[in-house]
Each structure stands twice: as C-alpha cells, then as structure tokens.
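Protein chains in written order, with numbering that gives the first Met the number 0: chain A, 0 to 705; chain B, 0 to 705.
One should not assume that every hint holds.
Same chains, same label: a pair holds when it works inside one copy or across any pair of copies.
Below are the DSBU-like pairs computed for lysine-lysine, each with C-alpha atoms no more than 35 Å apart in a straight line [claimed, not checked]:
#, residue 1, residue 2
1, Lys66, Lys507
2, Lys640, Lys657
3, Lys457, Lys8
4, Lys583, Lys640
5, Lys66, Lys27
6, Lys59, Lys211
7, Lys8, Lys507
8, Lys652, Lys640
9, Lys540, Lys657
10, Lys640, Lys269
11, Lys59, Lys274
12, Lys274, Lys8
13, Lys507, Lys327
14, Lys27, Lys640
15, Lys27, Lys360
16, Lys360, Lys59
17, Lys269, Lys699
18, Lys237, Lys429
19, Lys27, Lys12
20, Lys457, Lys583
21, Lys274, Lys66
22, Lys457, Lys269
23, Lys657, Lys583
Hints in this document: simulated from the structure, not taken from any laboratory.
2 protein chains.
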Amino acid sequence: MNPQDDGLKAIFKPESVAVIGASRTPGKVGHTLLRNLMECGFRGDVYPINPHAEEILGVKCYPSVLKVPGEIELAVIAVPAPIVLQVAEECGRKGVKALIVISAGFREIGREGAEREHRLLEIARRYGMRVQGPNCLGVIDTYTPLNLSFAPAMPRRGSIAFISQSGALGTAALDWAMGEGIGFSHFISLGNKADLNEVDFLEALGGDEAVKAIILYVESIEHGQRFMEVAGEVSRRKPIIVLKGGVSKAGSRAAGSHTGALVGSYTAYKAAFRKSGVLSTEGVEELFNYAVALTEQPLPRGEGIVIVTNAGGPGIVFTDLCERYGVKLARLSPETHRALREGLPPEAATGNPIDVLGDAKADRYRYALERVLADGHVHAAAVILTPQAMTESLGTARVIVEMGERFSEKPLMAVFMGGGEVEEAVRYLKEHGVPCFDFPEKAVRTLSALYTYARYLKRPVERPTRFEDVDIDRVREIIRRARGDRRVVLLPHEASEVVRAYGVEAPKMRVATSEAEAVNYAEELGYPVVLKIVSPDILHKTDIGGVVLNLSSAEEVRSAYRGIMARVSRHMPQARLYGVLVSKMVPQGREMIIGMSRDVQFGPLIMFGLGGIYVNFLRDVSFALAPLSRREAAEMIRETKAYTLLRGIRGEKPADLKALEEVILRVGQLSVDFPEILEMDINPLMVYEEGRGCIAVDVKITLGVG
Amino acid sequence: MNPQDDGLKAIFKPESVAVIGASRTPGKVGHTLLRNLMECGFRGDVYPINPHAEEILGVKCYPSVLKVPGEIELAVIAVPAPIVLQVAEECGRKGVKALIVISAGFREIGREGAEREHRLLEIARRYGMRVQGPNCLGVIDTYTPLNLSFAPAMPRRGSIAFISQSGALGTAALDWAMGEGIGFSHFISLGNKADLNEVDFLEALGGDEAVKAIILYVESIEHGQRFMEVAGEVSRRKPIIVLKGGVSKAGSRAAGSHTGALVGSYTAYKAAFRKSGVLSTEGVEELFNYAVALTEQPLPRGEGIVIVTNAGGPGIVFTDLCERYGVKLARLSPETHRALREGLPPEAATGNPIDVLGDAKADRYRYALERVLADGHVHAAAVILTPQAMTESLGTARVIVEMGERFSEKPLMAVFMGGGEVEEAVRYLKEHGVPCFDFPEKAVRTLSALYTYARYLKRPVERPTRFEDVDIDRVREIIRRARGDRRVVLLPHEASEVVRAYGVEAPKMRVATSEAEAVNYAEELGYPVVLKIVSPDILHKTDIGGVVLNLSSAEEVRSAYRGIMARVSRHMPQARLYGVLVSKMVPQGREMIIGMSRDVQFGPLIMFGLGGIYVNFLRDVSFALAPLSRREAAEMIRETKAYTLLRGIRGEKPADLKALEEVILRVGQLSVDFPEILEMDINPLMVYEEGRGCIAVDVKITLGVG
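I would like the entire structure built from these sequences, with the hints used as guidance.
Right under this line is the structure:
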C-alpha cells in the first residue's frame, strides 16, 4: 500500500463507509452492496444512505451523508446517474476521501454521459476526493476485510490481486476462480477510469506485501509511459499478468463502442508489456493459472525440466508441447540415470520423459522424483498420472506435495488426467499449492510463463543507451526550416542529414538544379554517383525513371540528368520539382530496414527487419519501444529471421552486428529527443561485413503537424 | 461396419467370448476384464479360461479354449507373455476369429519381444485370425454392448468412436469425458498394432452408422498411403479428429523409445491429414470438444457468426480470438439491426458482438437470438453469459436450446463464465447437445474446427491432374545410365533433361570438356551463356569461382573457361571434374523453389516457396503430398508469403501463376512416376510475367540407392 495516497487507502482500508443508495429490496444493487459489506466482516462504521428508510438490514439509515454524525472516509454511490453529481458534492462537503461510483450513465452512453463524467471529476478534484469508476462493480479487499461489490461470496483470502476493466468479466472470472479454490487479496473493477486507473492500482498493490501477483484485464491504457514506469518497477518485485481485450481489428472496434476508450495498436501494447516485464496471455483462464503457479511455486533457477509419467502417450504429448512453448527438457546426469535404471523396473524409460510404467504405485513415483529432483540439471518437474489398475492417485499426490516441501527451490506441476478417478487427488494437490491440470497443454503454458518471468528477473536492469556525439541543434534547425516551409515530409538530403547528425552514416548528397551543378556535385562527392529526382509529388521515383544508378563520369551524369528531366516532365508534368539529388553510390550490403512509428499511448515504437522490397510482404520485423538499451537492440535483431542472413549463410562473413545495434539505438534516441518526428524509415540500411559498419541509403522522415 | 471382415465383426459384435487368463482375484487384469464383460450387458456366451478355477463370478470356467463345448468367436488374452503363443495356437485350432491380446512383453520390450510378436502374427495368419494389440487395453462397443477393457465404467452410449494408440491416455481421457457426460460408441486401444491398425478400425467405423465422429490418438502411422485413402473416403461422411503424438524432435525420440514405431516427420503427417480431410489438434481436450460439437451441432452453411453477450469484455475477448482462429463475424442485415435497436434497451450494442447488457434476463437473449438467427447473413451463433444481478442462467440456457431446435441448420455454442452460479445451466446445455465452455478460447477453437470441416466438405472432390505429354522412357533411360555409373546425384544437364521430359521448361545445356567445345556449344545455344564447373565433389560452385555468368562472345567463353579451370585446380585440386556446363543464360524473374522429399510413410512431399538464397532462412514454404490436384497446387502457392510477390507488388505485373501451378503439378507427377527419385530441388525456378511461363534454372535430383 502506498501510504502517501489517502484516497487509495480510503478505498482499501476505510474506517467508515457510506453506502449511498442503500436499498431494502433484496436483489437491488444498493441492497447487495450493503449486505456484502455487512457480511464480509468489515470492522469499521457503516452508514446506509437512503432518504426513504429508517434502517436497512438492522443498520440505522441516514437521508444524506451530511446528516451522518461521524466521519465518512469512503462513499460507494449506487444512485441513478442524474443525482450522482449532487450526491458527490455532498460527499465533498462532508470530507469524504474517496468515492466508488457504481452508477452507470456516464461516458459509456455518449456525449451527455461524458459531460456528466467530466463534472463528477471536477467536483472530486475540488474536494480532493479520488474516484473509482464510474460504471464499475466495486472493490474487494480480503485482508481489511471489505466487500463493496456484487460478488456473491467473499473469495478466500489469498495473495492474488485482480484488476478488471470489464466488471462482468471480472465477477464471472472471480466466481469461476472461487470454484477452483483460488484465493485473492483484492478485486478491483475499474469501470470508466474517470480518475483512478490501472496504473494507480498497480502502484498501490505493488506496495502491498500481502499481494504476491497481480492479474489485470484491460481494454485500453491511456497513460502508456506511466504504465511502463510503474509496471516495470512493480514487476521486478511481483509478477503482473495481463489480458488485453480488443487486440483484433474487429475486437478493437467493439472496445471502442464499449468504453469509448482510445485503443492503441496491439503491437505497441505487446512491446510495452514486454519492456516492463508484464506477462501477457490470450485467454482468461491462463491469467489465473499463471498467477496461482507464480504465487504458490518457486521460480525455476535454470532451464531444464523433467517429466515423470506412468504412461508414454501423455509424456509424448507433454514433450511436444514443451518444444512448442519453448520449455527445455533437462538432460539428466549419469548418476541419476544409473539410479533410475537400478531402482525402476527394466521396462521403465529412464530418459526424459521418465516412464515409471502403468503399474507404478506412489512409492515408484517417489523413488523417481527423489532422484531427479536431486539432480543439479533439473530445475522443475512435471508429474503426469493416468489412472490405471494399480495407480494410487491420492498417494502420488501426497508424494508430490512432500517432494515440493523437500525440494522447495524447484517448481512442481501436476497433470492428473481423468475424471472421478483422480478428483480427490487433484483437490489435495490444489489445496497444497501444487498447480494441477487435467491435460498437458495448460501445464506446459504455465511452466512457460514461470520461465518467462524467471528469465525477466534474471536480466540485469539496463539503462537506455545514450550517445553524446549527437548534434541536437542541427536536427532542430532542419525541422524548423521544414516547418517554416510547411513541409511535413523532410527532403531526402535533409532526412539524411538528420540521421547523420545522430551519428548514423549516410551517403553525402546535394540537390542540383542544373546539369552543370549536378556535374560539380558529382566531382565533389567522387564517382560513382546516383541521380534521383526530388519532388514532394513523386512517390515511387524508380517506377517513372526518376532514378539512375552507378554514374562514373561527368558525361554520364549530364546525360542521366537530361534523361530524368525528360521522363519526369513526360510522366508527371504537374509535379513540383526541387531538383535532382546527387549522392555517392554506396556498395551493396545486406539490406535491412529500421523504422519508427509513434504510438499515441506508448511513444516511439522502433522497428527492425529485413529491408528492400521484401519488407512489404515478408514482414520479417521486430518491435521495441524507445528509449532502448543495448540488450533490447540486440534482441530486436535476434528475433528476426534476417538474423540468420546477418550471421552469414553459406560461408559469408557475418555482418557488422555491433554497428547495426548502434544504428537502432541512435534511431531510438533521435525518436525520444524529437517528439516532432512522427514516423521514419531507413530503407535500405546497407549492413556490411564485421567492422565495416552500415550506411543509411534512403531515409524518410515525417513530422507531426506542429 | 464392414461386413466382409469377419475378424472385425468378431471384435465388435461377437456372439461368444473367451476371457483367457480370467482371474478370481479382484484388481487383477483377468478379473476386471471378465467383470466388465459380465456387467456391461453383453448378451452372448462368455467363457472364462483358467486351468485353476472351477468358476469365476458365477460363470463356469474352462482349463483351455479347446475344452469349451460351444464355438468361440473372440478371445481376449491376458496371460503372461511367454504363454501367449501357446494360447493363441489353441485359439487357432478352436476356430476363434479374432484375438485381443492385452498381455505386454512384445515389441515394446526389445528384440526378444519383437520375435514373439512376429510369431504371434504367424500363428494368427495361419489360422486366419485377426489380432488387436498386443500390449493393448482392449475394446468397448456400447451398442453390442461389449466392454472388454479396464475402463472403470461403461461410457454412456453415444456417437463418438475413440481409437487410441496409447492405452493409458485413452482410458484417462475416457474417464474425463465420462465425467463431462460425453457418450461414446466405441473405444479401441491399438497397442502394438501387430495386425489390426488405425486404418482397419477407421474403415470399420466409417461403415458403422452408429458412429458420427471418430477420434484418433496416434504416435505413428505405418501405412501412409492406405491411411490417406481410407481416411479421405471416411472423412467425406463423418469427421475424423486426430492428435499426433511425437511431433517435436524430443517428442518423437520419446515415441521411438516408447513403441519402437517408425515415426515420420510431422510435416508429412500434417500434409496427409489435410489431404484426407482429417482435423488435427494439438491437445487432448480439443479432440473431445470438436467431436462433441461435430456430432451434436449442424455444420455452418456459410461464413459469418454472431456473438450475443451480456457483457462487453468477454465479447471483445471472443472477437479477438475469432480473428486469431480465422472465424469471421457476420455483418447483420439492416432489418436485423433495426429490429435489435427497437427491441433492446438504447444502451445495448447492436453491432456484432451484440451486447444485451448486464441486466438482461432470458427474454432479452431470446429477443436478440430470434432476430439474429433469422438473418440470412448469420450462419452460427455464440452466446456468452456472465452471472450478474438479474441474470437468469438456466432460463437463458433453455432459450438457447429452444433456438437450436427452431434454427436447426445453424450451429450454436455457449460460453457461460463463472462457477457455481452457472453450473446448473451448463449441465442443461450439455445434456441438450449445446457445447458450453467456461471461457471463450475453447469455444472459438471449436467453432473454427466446425468451419474447417464444413469447408472441406464443400470442396468438390478433385482428381489428381495428369499430363500426357511426358516422356517416361527418356527419364527411365537417364536414371538407368546414372545407376550404371553408380551415381546417386544426377549431373546438372541430366537433371535438367529429366524435368524437360516432364514438360518443364529448362535452359538447354551441354557439358564441354575443352575450351573449343565450350565455344562450339555456346555458338550452338546462342549467346549470352553461363559456364559452370561440373563435379560431384564441388558443392558450392559459386564460392570457389566455378560459375561465370553472362558471356556474350567466343572470346569471353574461352577466357571464362580458362579462369574456372585455374580457380578449381587451385582451390580443389583433388576434385573429380566432368567438364564445364555451357547453358543459355535466362532472364531474371521472380525466384521460387519447388522441391520434393520422399516421406517413408506418405510418399512424395512436394514443397513450394520463395527461392534463391532466401529459402534457407526465411522458410517461406508450403507442402503437399503428391499426386496433386490443380486446387492443391494453387493452395500451395497461395499459402506462402511469396504469393504477394507473385501477384505483383508496387505496380509490377502479376507472375504467370498458371504456368507455376503446372510446374508444381508436373514435379508431383514425376515424383509419383519415379519412386527411384528420392529428392529433388528446382532452385531457382524463374517465374515470369503472366503468359511468359517459368524456367527451371537449376535442377538437382538425388536417386535412392537402388
């Protein structure tokens, strides 16, 4: 808990609560809220507010908060939308510290509601009140304890906090999770996020020692930078697992009409989650599976899991899935092998998966598990059981729990297949904190999540790289000049100069407006040169013959100049012409692309990948949000298939990966330093052999309309 | 049921069964088998065989089948491995038609066991008996009824048949499925497949009218061609859903040690499943989800589903998953929109997903469902429910079932999120044949499976394309000559001639062994030409300067010849040289690759994709098994990213797709006609603009060691 924020303290740990709109009628929202609060064991003062009642559920009722004799720290509002503002005003005057607005009828219903929401926020600001909602389903804190929600029952106390932008998805999932015996510390319904949003709650829960993992369902994140800061900081201490709703084109349309929120592109969200160590899932159930495993089991200290099974088939399926989800199988030590061969029947498979055979009782599982868990190459274990004639499922469950206690630094997971035959054993395992699944897939995905988080924690915190040898003033000047001319796309030689000012090698170039000038420039730059038409109206210069490569003499330059002018005036007589660009021809290298697109929520999204014509249809690209660290740049490169090409295929020398990394970092820095730059592309970036650097052949920079 | 096969009839519908190894001791295999048979309602004669017992479970016991007075149609054998052969021999003499060998101790334990299995098969053949197993867990037929397995209870009668190569996975999954209330027609444990294998059972079940869907878990398929024939034929009448165990490198090693079976590459399996209309899954649970939906619900008649939900969040998640799994959302007609706007509250979302809001009772679901299911653009519906204050979950379930009856041509699926709150409703839906899931993901995957199968059935049956203008004799002659020379790799000009004989355009080429000859050939072919060293020892000819392109005169050819010879003798003095290949230089086109690799189980696997140096690291390729139909060839092209390049990017003209299709088909035909060809590559295949064809620039053909 963040002790500085009184508003959040008031929401989770209030000493007094007013339920405004409390109702005598069972089934009504205002009744359920009050009853849940009364029944949850809350120890503070409770004030039902209802002008038409004397008392509800045995508690004295007040016509208004202003009539309540004592202090009120938190007010939950469940009155019709039109009177919410008046009620909020009264709360302000009463000195209430926080409001939970359950009432709907705000931004989600259109302009009128948005206006109402705006005024609600004004009132709250005026009185220094924090607001959860409106249009939310409330809050639960099992430690206070406090239940100001519609959840039919208080969840078991646990260490998982659950924040949901969709109230209904939240309570439904909570209901399901309670059936699975999963415990919670908090449930928070965000609603419209007029004031308090996921970041505020993440921050508060991050500081709460009772919380060991945070689950988040969001459809939008408005304050991307703050989210990354807070999530990045919190996720170093406890895992955050997120499901982002509205990732498809169709899905994000639905989100738009649902909450009116501005939904960013999923690419940027994914990059943001990754940068801040947040685990993302694509399904609801996984949120809980991951959270349970992450709170109940230790993190693996190294790669390499072992599978112990009493049937070959499920072991094979498990192994297949491990490969699919990037979980590595351990190679057992020779001693372990020997021990397994000695102690298991001769037909048992003692590789990995270890098949203890269909007639294995609990003791044989114990023998195998004791040996493999003692092996230093094994960092996690999955135990598969199928009910067969001799199988002792409950006994085996007990062995697993015991092993978990003995080898407490190694995560364990169980797959007990079958229905009634394994029911009791499954319950035993879950009650004792061992995740148990009915089929291999969920277990492997969950193991994979443990590994993802463990790897994240192992990575040293790296600061973004900053280069000092950059000429900020030069770039500022170029942008100023372009804006003066009302141009949003920089001219090629300007764009080239911008990246050069940030330490990226780019061919020298000048714009000639006559044949003679072109020859002069060519002589100055040195042959061979390239001529290229410069016009804001011509997009695909090559297609209309506006580019001539590889010119080696004054004569060739003159003739090329004339040719370009003739073709351009024939094909596009209306085009505005700024002249002809003369640039030094650069040698062929491996063609890559580096680009940037500024995301509304998360800022500059840097792209790297295979360049040239292939970028368009192969989409062999990776993304990360700037500012970038050296490791992030290196990972961007490694994630593409182009990496294979860069390392050298068929005896080629490897490319200059260090120089390439640096160009990515410098583009990142440029994008951070100049928010005016909306988008950019270096395509192709020629990458040469190790030690020979890179050259940004073609640079395109688009400015935001300043 | 295939009436011709007495053996299979004897397994599923025997009139008399001997349980050899029947035991008085509860818990023993021979006891469970007999008890299950007695208790399942089997109406035929039962003969326990045990030399040490008078009677078991009230049934008279015999010391040997030979002492049984009546006929015995089926014998199930559960005696120790060493006496199985003797018992089988007696069964043969008794005139038993089929054996189910439960006993382990055969091929799976190594050489001694393999020998025993071989002898078992010999005995069976001699007496005309069919064998299921050995090392299997038996059979269930709920219609006969017959339970000769260890399954703890007889499954509910249903229309799903389940064949499993892993007995333990099979019974565990059966146990789970029974808990879910899923009914079955058959359960078959394949065991070692000494005689009867998945194909035999597929064929039998394909002909059984009680069976509406077949689930298959296999780790290997030995008779690939027969599998494709039978599965392709059966899947036109009823869906086959398969999980292939051992698809990963690690997993297939495990399969190898588990059953000793020869496991083919998963690429070929995937191609085979697809070719024969078999649906494949990656998890066990999906096998059942798909089968239930396919047997209980109609197939969608067109693309376009509708989502009706009482909460926005789950609707968004569902929509995201639809995009991910290729399920399309319907665009509702204006009339439906109008009706929804009129009949639903103003805040309801009437797009798709349709949000009937959190306070929706069953009647509002009914209103929305009636309207959307009557819409001709809607071909399937998913109903999402989250328990909220006013929600009527059972009432809504009843509405869904009623709608399913009224709109019986449109499949329905439900997602009821939550635990106890929705339990009764979920049971109601399942009992009434509406698949109901706890979270969206499984529902979307299942819908996607319905669509995959529906699309498969819609495709007209197409015969493989055969061209008549091929010169089989020429190819035979070239292969004969190479074999005569003990060469397994054809020389470039031979390989080129092979594809030319099959109607694929390839540049003319000849091998020169002197400068003068090279010049002669160049003049004969016409300039420009290419020279290339021919040697079985030089793999990467370009790297050592063994290739010179674009030679336009006799002088250039002479100088290039000398250069190649000098470089080769410097870099690889030991290499055997067959001469220098002179070939006509071909114009640049879009570079593709067509290849073939012969799969042990499934035959020639044809590959198509982006060629040149990119094939190695981009892996933009697709596969299909020959012989190919025109549609398959077209699909191969469309599945690659290279298709975008072929259609033309940035104003390029489209490539000659028809000619490309034809080359793929001709390579397929060549591969079918010549099993001697083990592998081949055409890389690059230059593909030109529409109407200009393709040229196979470089052809490599490897023969099997004949």
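Checked hints:
1. Lys66 x Lys507: neither (78 Å within a copy, 102 Å between copies)
2. Lys640 x Lys657: both (18 Å within a copy, 30 Å between copies)
3. Lys457 x Lys8: Answer is within: at 33 Å inside a copy they meet the 35 Å cutoff, but 62 Å across does not.
4. Lys583 x Lys640: both (30 Å within a copy, 34 Å between copies)
5. Lys66 x Lys27: Classified as within: same-chain Cα gap 24 Å, cross-chain 78 Å, threshold 35 Å.
6. Lys59 x Lys211: Neither: 38 Å inside a chain and 64 Å across chains, both beyond 35 Å.
7. Lys8 x Lys507: Cα proximity of lysine 8 and lysine 507: none, with 61 Å in one copy and 84 Å across.
8. Lys652 x Lys640: Intra 17 Å, inter 28 Å, cutoff 35 Å: intra and inter.
9. Lys540 x Lys657: Both ways: lysine 540 and lysine 657 sit 32 Å apart in one copy and 31 Å across, limit 35 Å.
10. Lys640 x Lys269: Both ways: lysine 640 and lysine 269 sit 19 Å apart in one copy and 23 Å across, limit 35 Å.
11. Lys59 x Lys274: This pair counts as neither: shortest intra-copy Cα distance 52 Å, inter-copy 74 Å.
12. Lys274 x Lys8: within (29 Å within a copy, 62 Å between copies)
13. Lys507 x Lys327: Answer is neither; intra-copy 50 Å and inter-copy 51 Å both fail.
14. Lys27 x Lys640: Neither, since 58 Å and 56 Å both go past 35 Å.
15. Lys27 x Lys360: between (54 Å within a copy, 15 Å between copies)
16. Lys360 x Lys59: Cα proximity of lysine 360 and lysine 59: across copies only (33 Å, versus 62 Å in one copy).
17. Lys269 x Lys699: within (26 Å within a copy, 44 Å between copies)
18. Lys237 x Lys429: Classified as within; 21 Å inside a copy, 40 Å across copies.
19. Lys27 x Lys12: Only inside one copy: lysine 27 and lysine 12 sit 25 Å apart there, 61 Å across copies, limit 35 Å.
20. Lys457 x Lys583: The answer is neither: 46 Å in one copy and 59 Å across copies each exceed 35 Å.
21. Lys274 x Lys66: Neither, since 50 Å and 77 Å both go past 35 Å.
22. Lys457 x Lys269: Result: close within a single copy only, 20 Å intra versus 38 Å inter.
23. Lys657 x Lys583: Answer is within; shortest intra-copy Cα gap is 24 Å, inter-copy 42 Å.
Violated hints, listed in ascending order, are 1, 6, 7, 11, 13, 14, 20 and 21; each of the other numbered hints is respected by the structure.
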